[in-house]
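Chains as they are written, first to last, in this note's numbering: chain W, 1497 to 1760; chain Z, 53 to 498; chain H, 24 to 439.
These are computed hints drawn from the structure, not numbers from a lab. Mixed in with the good hints, there may be bad ones.
[As the list claims (entries may be wrong)] Within a straight-line C-alpha distance of at most 25 Å, the following computed PhoX-like cross-link-like pairs (lysine-lysine) qualify:
no., chain 1, residue 1, chain 2, residue 2
1, H, LYS147, W, LYS1730
2, Z, LYS202, H, LYS364
3, W, LYS1597, W, LYS1730
4, H, LYS203, Z, LYS221
5, Z, LYS352, W, LYS1570
6, H, LYS364, Z, LYS204
7, Z, LYS244, Z, LYS88
8, Z, LYS286, Z, LYS495
9, H, LYS203, H, LYS68
10, W, LYS1655, W, LYS1617
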Amino acid sequence: MITAGVDVGAKYAKIVLLEDAKNILANAKGIVGFDILKSATEVFQKALDNTSLKRDQIVHVVATGMGRKAIHMKPPINAGEIVPEVIADAKGAYHLIPTVKTVIDVGAEEGRGVKVGENGKVRDFVINERCAAGAGTFMETMARALEVGVEEMGPLALKSTKAIPMNAQCCVFAESEVVTLIHSKTSKEDISKAIHDAMAGRIASMVLRVGVEKDVALIGGVAQNPGFLPPLEKELNTEILVPEHPQYVGALGAALLALEMEAK
Amino acid sequence: MVETIKKFPTEQLKCWNEAKNLRKSYYENYLNAHEKGGVRWAGGAWSFSSIPAGLGEDVYSLTGEPYGATIAFFKDFTAKCHEATEAAGFPRTLCAYMRNYWGSILLDKYILADGKVIDEHPAPDFIWQDHICCSHGKWYQVARWLEEKKGKKVPMYCVDVSVGYPMDKPLEEYKINYIFQQLNDGVEWLEKVTGREYDDKLLCEAVWNEINATRLWADICTLNQAVPAPLDEKSMYSLYVMGTIMKHRPECVAFYEKLKAEVEDRVRRGIAAVANERFRVITDTQPPWGFLRIFREMEKYGVVSLGSLYTYGLIGMWKYRPDGTWATKDLPPRKPQTREEALRMIVEWTVDRPEWAHFYLPEAKTKMMLSIVKQWKVDAVLLHYNRGCEGLSVHIAENRHGLVEAGVPVFPFEGNMGDEREFDLLGTLARLTTFFESMGLKKLRE
Amino acid sequence: MICLRIELRLFVGSEKYKCGDFIFFSSNLYNVLGSAYLVEEIFQKFKDWIDNRHEYAKEWKERTNRKIIGYFCTYVPEEILYAADILHVRILGSHEPPTVTEPYIFAMFCHLCRDCLAQGLKGKFDYLDGIVEGQACLHLRQAFNAWRLHIPVDYAYYIYVPHSVQNPHATPYLAQELAKFKHSLEEWIGRKVTDSDLDRGIRTMNRNRELMRKIYEYRKLDNPKITGLEAMEMVLSSQMVDKEEHSKLVEQLLRELPNRKLNRNPGARLMIIGSEDDDRIFMQNVENLGATFVIDEHCTGSRYLWNNVSPSEDRLGAIAERYIERVPCPSKDWPEFTRVKHVVNLAQEFKAQGALVIQNKFCDPHGIEIPPLKEALKSIGVPIYPLEFDVTVPWGQFRTRVEAFLETLTGLEDLF
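Just need the whole structure built from these sequences, with the hints factored in.
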């Protein structure tokens, strides 16, 4: 049985095509534009093309992510069910790491902490409130301020050995502190590290609300940033596992849920 | 979670209009107080309002928090109040009720219960306040300062009640005495500033009314232990408010007696507040007043909010029974006969106020919330991390901690009771519905 | 002894010397130079005490084998703790984002209370035997309660210091609260705290405050003998070490200070007004722009030391009276604005030209007073500039504002 999970995030749409809860046949990713349905459809088609499958061979589609309503019961994707991100995250992470108890998902706009129970069910969760500099877009803004590509931020941070405390309660305040550091001729490496530390602090703070229990997994787009993991592990004082393709875990969870629902 | 979707019968509350009218006339009476030679005062909802009642039958009040909440209902006016307050140099992180109230003075406007805004903010003849949170006394200190700029000198008296909470044992005599002495001095002060002779009989009446009104409200809240719940929290706000504006008045007692009888009848006949009640929650701290539709959104999931320690214990008086049940506080043995008896009685009555416990002991509030969870058969707790009120949000993280340790599902959400800019309705609804879904509840209807 | 019959008029320190005083001149020159060296040493000692506060406390504990209590707010009656031979240290933050406090204190409460708790959670104050809080603001009491509930301490006590300090019943009430507190301490330490102990506690605290107040006098001069940063470090260190040790040093400072000549242009005379302020880097940065903080009004400054206990037979009553009648925290200052009046007096006494108001983000009591403060200071010709502080300070942004503010202060002189 082939199911699909579609995670329509704030910035990217991610698709996972799954066979019998075992084989990931394809995954695909693409930017979400103004027309969410159109963007998601394009990415969905990309996934299908990678496997030469047709839409009617996909038995069930479940959508998650900020833009999930846009593809709920809307052709051609026709997602039959929509689930909140935390549910999909828990399911996906549990499938990849059966010992996982805490999942941290940091995407473009949102950070989430999820406590996972039996069978990948959600026990408790926390999502960042409005005032938070703990998401991918923050990193992009900071990269612009430093005039580097966002993919360079992590490697830069890893080169630094200096810790500069920075307030990350609010994105705007953080940016003004970065400007101050730039003007005081602090190196890009040290500034990048400060930004990563501040962001990790923000996320850690949020996760501490629900508590940290091992095993801890980090997923979402920001998990791909090598500079983010070390300060996060330090703040939470625990080892954190990053599964392969962390950005697709939500979509995987949705695909697994599609299978469960179809089985019922 | 077993998904049996029952459908309970529902009915509008019969005394709903009376509640509306009582509140409407309250704001009008304050405005028109001088027309018939009456006296009007301003102060907090927790001010010992039974004391100024001794000045006569024509004494009217404007309590600050309910007025601040009224302003918050009407977002256009709220925005103007905020603008005015911020332009005057006050930080926007201050208590939201207080900023709304000052805004009203700065704009020189007065808003009525139905949202009608009239010119000229009616200055009080005196301020009678109590102080427990950092802002209480200062709120009216600034209000007085603002009135002075408009040429009006308003005398102010503020009673300090920060003596602690009788959690496991009664408060020491010297603490009761401390508050009693301030009230006693206060009576003399009232005579001085109004030039009126104080009537101890009126005081005794007012104190006895307050004790009865607060007991009746607790009784009414207790009825919500029934399944299905006869009342939902959103409706309760329009009913408990009477206790915040006139708990010492005979009309309040009469209204609560009527309401109690009606709710008892609803319980007998199994009338529900929410037709498809299948998940019971309580909330905490004031709600985001400008966005009460979140309660209606909850109902689409079959979720009913039964109330909160805030709705029950802000006005209602409760005490732990020897068997560990949390119940209506017992009536004192008899009505007070003298000034001293009345003052002492109202102090001893008031220090048990449940909503005063957490100012000192977070564990006391957690205990009471857990009692509500148990006795009212509550499935989850929604905590409003209220940026607009540090007084009621103090120690809220500890309460969350305590509830989670006890195995109660908790959903915290940030917001502001009185500043609409700080409440993200869509974001909160998205998170709230995620919470319900994680509890296994799917939406029942649009 | 060589006597040079040359008329030399030398001005050293505040004294004029003639040639006949050559020997005295040379020995005084030595004194002056020695003085200067000593003064710098003393200020360095204050800095060391602050920077190594935990090491100091641990060493003190080992040396004396006595108990240490941490307190949060200056309404804690240190006289009584001193009388019980307990070292009392003020718990303060580290100016790093307090991530670990999220489960215990809602982030909308001020950074100070969260930063204080974070230090406790991180084990920085492991050596404390107990914590005490004197009831004041809502924010700090959360730090106290969270500490009490989650960090192991032998002793935790909350003194219900009344808020209504302007009412006559507050002092006798507090005296009874203090009696209760004293009794609780006695049970903990296993001995009675006698009247003579209390006298000693009062004497020691009074002396320390008095000495520091005398140092403050030197800030009134046209060319102040100490900078605002130095004054802050003097007061801040007093909250972290044994008072007798601190007093000895301040006494020495008092002797040497008259000879000191600060090699700097005082620039604009500023007042700093706030709640709890210990941002030394900020103080230094502002003073480096061409200004001197000649006076402060906050609780790691003058508010801490301004009032003494008037000794009396009723020791607890006398202590209570001091804490009720002292310069109040705004959370206790109502219905009259007595603190605002006090700020105006200070500004006049110390001839401040302008005031920076440090508003700790989310602090209600202090935030409320900004407009009345502004109005009151404006009426005596002292403009204010409010700056919102959080756990870290964006100096880049603040610098522009402070520079502009300083220009408005000194610029006017140039115009007229």
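To see whether the hints hold, each was checked on the structure:
no.	hint	result
1	H:LYS147 - W:LYS1730	holds, 17 Å
2	Z:LYS202 - H:LYS364	holds, 21 Å
3	W:LYS1597 - W:LYS1730	holds, 18 Å
4	H:LYS203 - Z:LYS221	holds, 16 Å
5	Z:LYS352 - W:LYS1570	holds, 23 Å
6	H:LYS364 - Z:LYS204	holds, 21 Å
7	Z:LYS244 - Z:LYS88	holds, 21 Å
8	Z:LYS286 - Z:LYS495	holds, 20 Å
9	H:LYS203 - H:LYS68	violated, 37 Å
10	W:LYS1655 - W:LYS1617	violated, 39 Å
In this structure, the hints that do not hold are numbers 9, 10, in rising order.
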